[in-house]
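Colleague: Chain residues, written in single-letter form:
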Amino acid sequence: MKRDEIRETLIACLSDVAPEIAEEEVEDDVDIRDELDLDSMDILRWVQGIHKALGVEIPEEDYGKMTSLGDAIDYVAGRI
Amino acid sequence: MAEFVMPSLGADMAAGTLGKWLVAVGDRVAHGDIIAEVETDKGTIEVEVFNSGVVEALLVEEGEKVPVGTPLAEIGQAGTAAESVPVSVPAAESASVPVSVSVPASVSAGIMTLGGGADLDGPMATPAVRRRAHELDVPLQGLSGTGEHGRITREDVEQAAVAEVQPPSGDRVRISPYARQLARQRQIDFTDVRGTGPEGAITARDLEGAPAKASAESPKERMQRAIAAAMTRANDEIPHYYVEHAIDMGTALEWLREKNQTLSVNERLVSGVLLVRSVARALCKHPQLNATWQGQEVIRGDGFHVGLAVSLRGGGLVAPALRDTDQGSLSELMARMTDLVTRARAGALRSSEMTSATITLTSLGERGVESVTPIIFPPQVAIVGFGAILTRPWVVDDQIVARPVVRVTLGADHRVSNGHQGARFLGTLDRLLQEPGKL
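Note that the protein sequences, when read in sequence, are chains H and G.
According to our numbering, the first sequence holds residues 1 to 80 in order.
According to our numbering, the second sequence holds residues 1001 to 1439 in order.
One chain only, chain G, in its complex shape (with noise of 0.2 Å):
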């Protein structure tokens, strides 16, 4: 059995709510499918599966605000002994792909046990229901179970743990601790609201459609929160050096005008997709830029998984992954780079997006900026901005011409490279830039 976790989607994330389950206890789910949406900071995300088998158990219910790390699900393998649990590791912590641990039969057989709800000293209660008597410091020993064999369930500890509070009108109303919390968490003011619980408590699903309180932050303020605190530890903890580069852009967009001439309207290429190649065919050359940095350790980049900074329109900024972009054709590549953009602006994007790129791009050149210093997203080890190509004087030939050029520059993290490093990454970048039919 393996537990799917709630995920760690950006270094910055401490904890998720869990918005809604695409699956229920009994459901048949295989590596990749989508089985949940997590509300984070930085919009809802859609979570993928990385293990392949049956769902035995939701441990979290929607609405549920836990930390990362936390167990949403058990996955079972039907009919298999556990003897190698495949497990999610949160991808901010570790090399940023699920990995497979191999665990000794006993301890495979130790959680099996416990998942039954078996405990030699105790009542009989799952895992799940025994951290949720500990969250709700609701005591077991002596609790009725109303579970099968009289095991307690996770409506008898939610029941037990009804109480009464004093609301700020000063009349009494009863609301069980979990919806309590529930509404501090999303400053829902729950004076007005109608308990449906055991002796009109308000219970955590009453407060679906409840009325936040006028000071809650919107979700663009909290995406603006995150934002803030990852760029803050970034700028604490990595050593950044920068190095730019200007590159000649007429031999790359005649040859795109020229290929898009040859292409149906539905089949044109921008020339940010000639970009992210180009990065990518660099960082092929210069690895040690492809990297994530996790506590002292570089993990080098199990592919070349390239963030894109995509601004949303009225505020807000995510960086989601396009995956394996040194890999098919450009028309391939920019297929899959409007997907991700448009799936980025309407809040559809995966979890599995937000957390392995292995190194960011951004470019503000649209907006007519000439160049970018751009902050690393930790924890990455470099970022790449493109500022606007613009027609400027340049050599060629010992004569000046007026060539569309742009400015590139390389932010990358002093404790994995240095400015050599980069310089070299910059003059790969140019040289591919000038042979675009090879990208």
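Only chain H is shown next, with the shape it has when bound in the complex (with noise of 0.2 Å):
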């Protein structure tokens, strides 16, 4: 899976869980949880979204390693 189709599913689940943020808000180096104002069960959800979409699970103590999307998107990339 190439990394732009990566990205393209990891925003389509965050917009799932927080569809007032606006796609193009969602740059590669933007925090996650202080910038787009995620809290952990919002981050619990789009771990959830990512494990259904891709078949990744996500582990609880992995959560620190995806702090933006290009993180999520590495983390991700490295386990499919």
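Because the hints were derived from the structure by calculation, they are not lab data.
It cannot be assumed that every hint is accurate.
As the list claims (entries may be wrong) - Quick look at which bits of chain H chain G covers, simulated, 3 or more residues with Cβ under 8 Å:
(1) 37-49
(2) 54-67
(3) 73-79
To be verified - When the alpha-carbon atoms are kept at most 25 Å apart in a straight line, the in silico DSS-like pairs for lysine-lysine are as follows:
(4) H:Lys52 - G:Lys1259
(5) G:Lys1285 - G:Lys1438
(6) H:Lys65 - G:Lys1259
Keep in mind it's a predicted model, so treat the numbers as computed, not measured.
Note that the Cβ used here is the ideal one computed from N, Cα and C, for glycine as well.
Two chains, each in its own frame: build the complex with the hints.
Modeller: Listed below in structure tokens is the structure:
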């Protein structure tokens, strides 16, 4: 799966969690918690969406490796 | 017959706009059914009915703004005499739950007679039509009714009320007083609206889709105004006291980590669910904090319904109730909490969720705030605020160790409890969080 496709999927999952966030706001280096105002429940729902869409299970201790969209893409790309 | 009234969806709510009917006359409804959407300063709320029966009349049109307590619909109980009339009481004025009130048969009969339109001394019109006539200042005497047996209908009243007004442009347009009132409330510029009423008069329906004036308040501004009103009232009326306590969260977080390793990704828990459950269980031991202040009276909560302060991305705050938080498994509580927060942010809350909280929980820990000094949401009598779970030096067995610690603050109403009781509540909360497996 290409990086662009992973990116598209992760943004789609993010939109399910926080539809009020405009896709153009989600740049790769944006801090998901601070700048997009996501909380732990949002992150969990995002992780659940990624698992459903891509089959990648992200353990709780790895949430910290997904602080930005770019980090999350790298993480998921390494596990597909 | 029972009346379905405009509910009070918050202590600060004086009126609401009937946004949409989800039922029609003749529909059967059951207790808990969502039958309407009401637009408030805090967003669109789905409103449930607390009577079972048949919708006999819809008294308020979509788009109409009416005061709290105004009858919106009549719910009949087919085939039974109305000797016991269930009445939905606005929560902010009562015990936050619908109650059943027994009414003498003679009074019930009187209500039913009026509802049927009979009035020995005047023209025939239902109470709703009379109320509308009063609102529009239209005398019923001398008005010809076009309804059954000559009964005056709502349309008869509104057509009689059509009057000429002078718009800002200087051109003469015709607009019904109700439409004019609506235009004023919604700050709609009706200058260019084409009327479809009698003689081209603009009706309320014609205003749908008409542009608002540039100065119209946005939904977020309205919400902020509502929050301001509630918080001002709280500061003015409630003698707050505060007690704070630091809790070692090490055991709870370790338990949560191990628990989540045994669960599938879709079943995982967040630490917030432990906080909600522990607050509920602590309230079981300190029920004086789980109550509302109504007039000069304390009404104990009928359950442990924790209002969750949910911030809306981009601004705004709501605190819908997560009901019966002391019951069920943590997984069930987590599922209900996720659903509630998701709907809160999507603007799909229900009326019972807006009115039934018996205490509020706010957590700003995710934003790194060390502690919160929250303001009580009236008519509740307490609020619990959690700060961030931060690694701090902590003394264990005379040794200084690093532990994850959260500062929790109780804000409570001194008319109902005191600092000693508040401190005992926080102590109970601490002990409960040291045994997370029992939550």
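Colleague: None of the hints should be skipped; say for each whether it holds.
Modeller: The hints, checked one at a time:
1. 37-49: holds (count 8)
2. 54-67: holds (count 5)
3. 73-79: This one is violated; 0 residues, fewer than the three required, reach chain G with a Cβ under 8 Å.
4. H:Lys52 - G:Lys1259: 21 Å, holds
5. G:Lys1285 - G:Lys1438: This hinted pair holds, its Cα atoms lying about 15 Å apart.
6. H:Lys65 - G:Lys1259: 21 Å, holds
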